[in-house]
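Kindly generate the complete structure, drawing on both the sequences and the hints.
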Amino acid sequence: MDAPADIIESLPPSLREWFAERGWRPRRHQIEMLEAARAGRHALLVAPTGAGKTLAGFLPTLADLIESPAEGLHTLYVSPLKALAIDVQRNLMAPIEEMGLDIRVEARSGDTPSDRKKRQRARPPQILLTTPESLSLLLSYPDSFTLFENLRTVVVDEVHAFATQKRGDLLSLSLARLQHIAPTLRRVALSATVADPDGYRAWLAPDGDIDSVEKVLGEAGADPDISILLPEGRVPWSGHSGRYAAPQVMAEIETHRTTIVFCNTRGLAELIFQDLWKANEMGLPIGVHHGSLSKEARRKVEAAMAAGKLRGLVATASLDLGVDWGDVDCVIQMGAPKGSSRLLQRIGRANHRLDEPSEAVLVPGNRFEYLEARAALDAVEAGELDPDIFRPGGLDVLAQHLMACACAAPFDAAEMLRQVRAALPYSALTQEAFDRVLGFIEDGGYSLKAYDRFKRLTHGADGLWRVSHPRFVTQHRMNAGIIVDAPTLDVRFKNGRKLGTVEEYFAAQLSPGDTFFFAGMSLEVERIDVTDLVVRATARSARIPTYVGARMPLSTNLARRVRTLMHDRDQWARFPGDVREWLEVQQRRSVLPAPDQLLVETFPHEGRHYMVAYSFEGWNAHQSLGMLITRRMESQGLKPLGFVSSDYALACYGLEPVEDPAALFSPDILEHEFVEWVQGSALLKRAFREVAVIGGLVERQHPGKRKSGKQVTFSTDLIYDVLRRYEPDHLLLRAAWADARARMTDVGRLADLLDRAGGTMLHKRLDRISPLAVPVLVLIGRENVAQGSAEDALLSEAELLAAAAME
Amino acid sequence: MVPLSFAGRDFAARTDGTLFWPQRRALLVADLHFEKASWFARHGQMLPPYDSMATLRMLAAAVEAVDAREVWCLGDSFHDRAGSARMRAEARDALHDLTRSVRWTWISGNHDAVYEDRLGGDVVTEAEVDGLILRHQAEPAEARPELSGHFHPKIRVRARGRSVARRCFLASQSKLILPAFGSLTGGLDAAHPEIIRAIGRSAEALIALDDRLLRFRVAA
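The listed protein sequences derive, respectively, from chains A and B.
Mapping the first sequence onto the numbering used here, position 17 (from 1) lands on 17, and the numbers just tick up by one.
Basically the numbering used here = 1-based index in the second sequence + 1000.
Treat each hint with caution, since some may be false.
Below, a list of computed lysine to aspartate or glutamate pairs in the DMTMM-like style, where the Cα atoms sit at most 20 Å apart [to be verified]:
1. A/Lys309 with A/Asp329
2. A/Lys295 with A/Glu503
3. A/Lys498 with A/Asp485
4. A/Lys455 with A/Asp443
5. A/Lys215 with A/Asp198
6. A/Lys117 with A/Glu106
7. A/Lys498 with A/Glu302
8. B/Lys1154 with A/Glu504
9. B/Lys1154 with A/Glu799
10. A/Lys300 with A/Asp490
11. A/Lys117 with A/Glu71
12. A/Lys498 with A/Asp532
13. A/Lys82 with A/Asp485
14. B/Lys1154 with A/Asp721
15. A/Lys685 with A/Asp717
16. A/Lys449 with B/Glu1090
17. B/Lys1154 with A/Asp529
18. B/Lys1154 with A/Asp532
19. A/Lys639 with A/Asp660
20. B/Lys1154 with A/Asp717
21. A/Lys449 with B/Asp1093
22. A/Lys685 with A/Asp485
23. A/Lys498 with A/Asp514
24. A/Lys685 with A/Glu673
Anything over 10 Å on all C-beta distances counts as not near chain B; from chain A, calculated [as the list claims (entries may be wrong)]:
25. Pro95
26. Pro125
27. Ala307
28. Asp568
29. Glu606
Treat the hints as calculated values from the structure; they're not laboratory data.
All C-beta atoms in this analysis are idealised placements derived from N, C-alpha and C, irrespective of residue type, glycine included.
Encoded structure:
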């Protein structure tokens, strides 16, 4: 919808003419953003991709700088992606040049050369494009007070992608700091369509004052045209990737200009790319893009994509954010979409024009995934989005921010606490927690006061906190940042050419001679040394890389819809024949649970006793539950052998039948086994490593240092063990625990499941495997139960295997 | 504690990474790295100040468990030469008690080449004991049987799709390298070229369990 003529009249003439010359009229939401600016109000714009969001964000700045030109930093644009800032710079430069405006726009990120960074601080552009991390670093300089003193506007792009995460915590603190330096600063955020815009308004608002933020809604685009791909009308029993459909996916690529094929994991992206390559009889240019590939490889693919040279691109979440990849007219989702918001945002990648529907195809990998795809389609049609969960800000992030502030200037603790509480994630921060964070920065915050002589902060007679030595300022700037990469190894050919990186824990599973897909190639491991995985290309078929990185769990909304679809026979008419038949046989042989029932089946199968719980709480929660339940089975003498989980169900198997599942699912498992298990698990150690780096306890490992082979570093796992024993209440353990709870183990969903298990469990004893159990049991990725003193057993077994191989 | 024979003598490898020599009732231990945390704290990384006490308690437990008459520390006992000066009173006292209770020998290493304060015990750069050479860092040219530390060897073992990393002993015909003992000491992969250079390609990694000693080939 276009804006009324009289409001357009209020635009400066050069802007009006610029629109007119292109035959455009400003959109309603663009004008509303301008009005909000003129009224001096903060604003949140919620609009789908292709609605001219970026221009809407900058329009008030352009208008203001045309009407009253001024030197100095006027507008700060913050985006979660470096590439996005550069993309925006291009889009913003075009109108500025076409109107012949004297406005300087520059980007600043970790990649910006240091002489330019210096110049930017001395003579800032009017518009600076940056990332949350670079902004935080700017705030660590003493001249930040003059640099930002006349800042008028800050524009936060893609706010939905990171406000609820730690980078959102950091930016929220930086915004509070900026507001303190420039009290009249106006905050603007741009968001994709979200379930709860008010949550983001509150996040954006100073002091959480939601009424100070104008909500501007962009017009909805045409409804997307989504279909579910069923080769020959069949859905396979097993798998979770849709790989069987490669020829049909290739046909979609052939009949569209440009297609993006989204996969849920990097490993899957590699496999799908292989499959498509084999089916690519026309030899069309197709590529693959994911976060493990080397920067050069990614840049090459991105450039080819932007130039319209690729017909198909297999990608992961690395393409989820809004960089404009040109003429995409079809989006394919391999496997289940996992959440309706994510699906919508991915579909939005196709066709950046609001008046034409985006075309999307879902390729379910098995029958449960068919139900999930159907549920996602229904959810999109009903306009139902997954809610985002705002949680309290991380204390490790707070420590980093306070150190940045201390680097800029000495501060008063009471005044600083007021500032920090103005950021929504920290509005409920207690004085005690704040003091502990200060103490942590000062000397580690241990109850044993051993480091009086080495303090990083001092608390002077004037009551101010200041950094005790300039070298700590340098140290902070070298190590600040929120993204903590898992330790990685470089994947290289023998000649040294680097293909990308893999996480250390994945490399640790490989031995020389193993094969895996990477960078679109089948590779054989030649050797593994400290920093390199040396490989050669091979024609042998590759073994599947395990899941790398975190898995996106099934959203609770979709889980509820899947449960309902399964139970409601009236819906079945919409399903393909084999899915319908699957459910009918299940109904006959076992039962289909009501949406609020927890079905647990027990049956013998291939000489083992199985117990399958259909709890629909997502892979992460099921994985945790599997560990706990099998421990309990062990103590009850049921001799568990292992378990396997999917987003929909958990199957445990052992040598003895489970007669009383309810006894295994009791909520006290969370009090007894859970805490103990999580504390000893790799999950928490990984979380600890992250908070230790973000909080500034340990320095980052800078590339190249490790290569020397000298043991100048230490393992955060060892620090974790020492702390647990000697100071279990330490701030960083608390922070790691909070992280593990929130992000990694889906403890909330686990607790809900166990709470309702007692009242809703429906136990079915069967004489053989049920239809519903098949997709779960054939999944790869089974976990074997670590028995007794598990690690020792594994070691002994490995020794035997190695011995056998040598004979 | 499991039997380990080396250079014609009987030893016992303990799960904690120490080596017991029953004939002399001697306990051998390498790379204690006392005061590693405070060294990092001095440089701005405030690691938990409990590492020396944690290491001492483990060591005292080992001395008591085997009823040792001698203790040989194979170098890098302190993380740096000023380490003993930074040690807090509680740890100093505990260490004094320990060095007084048995015949205690510090072999100096590269981190602690000169002790500012020995806290009891004798200091030597290397020793010959019943025909065995005890030193901090293995010398490739040494022909006599030799016991050393320095490298912090660990090994990563894969089985059933999982992997386990452990500190380990490394043994060849004439060389035995002990794992690092300190509570904050990391490890270096046993197959690292520097280790192979020191001990040779025929080395085996040994891991002591409660009831048996596991052996793994190091170099493929």
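Okay, the hints, checked on the actual structure:
no.	hint	in the structure
1	A/Lys309 with A/Asp329	14 Å, holds
2	A/Lys295 with A/Glu503	16 Å, holds
3	A/Lys498 with A/Asp485	18 Å, holds
4	A/Lys455 with A/Asp443	5 Å, holds
5	A/Lys215 with A/Asp198	8 Å, holds
6	A/Lys117 with A/Glu106	10 Å, holds
7	A/Lys498 with A/Glu302	18 Å, holds
8	B/Lys1154 with A/Glu504	16 Å, holds
9	B/Lys1154 with A/Glu799	15 Å, holds
10	A/Lys300 with A/Asp490	19 Å, holds
11	A/Lys117 with A/Glu71	18 Å, holds
12	A/Lys498 with A/Asp532	9 Å, holds
13	A/Lys82 with A/Asp485	16 Å, holds
14	B/Lys1154 with A/Asp721	18 Å, holds
15	A/Lys685 with A/Asp717	6 Å, holds
16	A/Lys449 with B/Glu1090	13 Å, holds
17	B/Lys1154 with A/Asp529	13 Å, holds
18	B/Lys1154 with A/Asp532	18 Å, holds
19	A/Lys639 with A/Asp660	15 Å, holds
20	B/Lys1154 with A/Asp717	15 Å, holds
21	A/Lys449 with B/Asp1093	18 Å, holds
22	A/Lys685 with A/Asp485	14 Å, holds
23	A/Lys498 with A/Asp514	19 Å, holds
24	A/Lys685 with A/Glu673	18 Å, holds
25	Pro95	47 Å, holds
26	Pro125	34 Å, holds
27	Ala307	42 Å, holds
28	Asp568	39 Å, holds
29	Glu606	19 Å, holds
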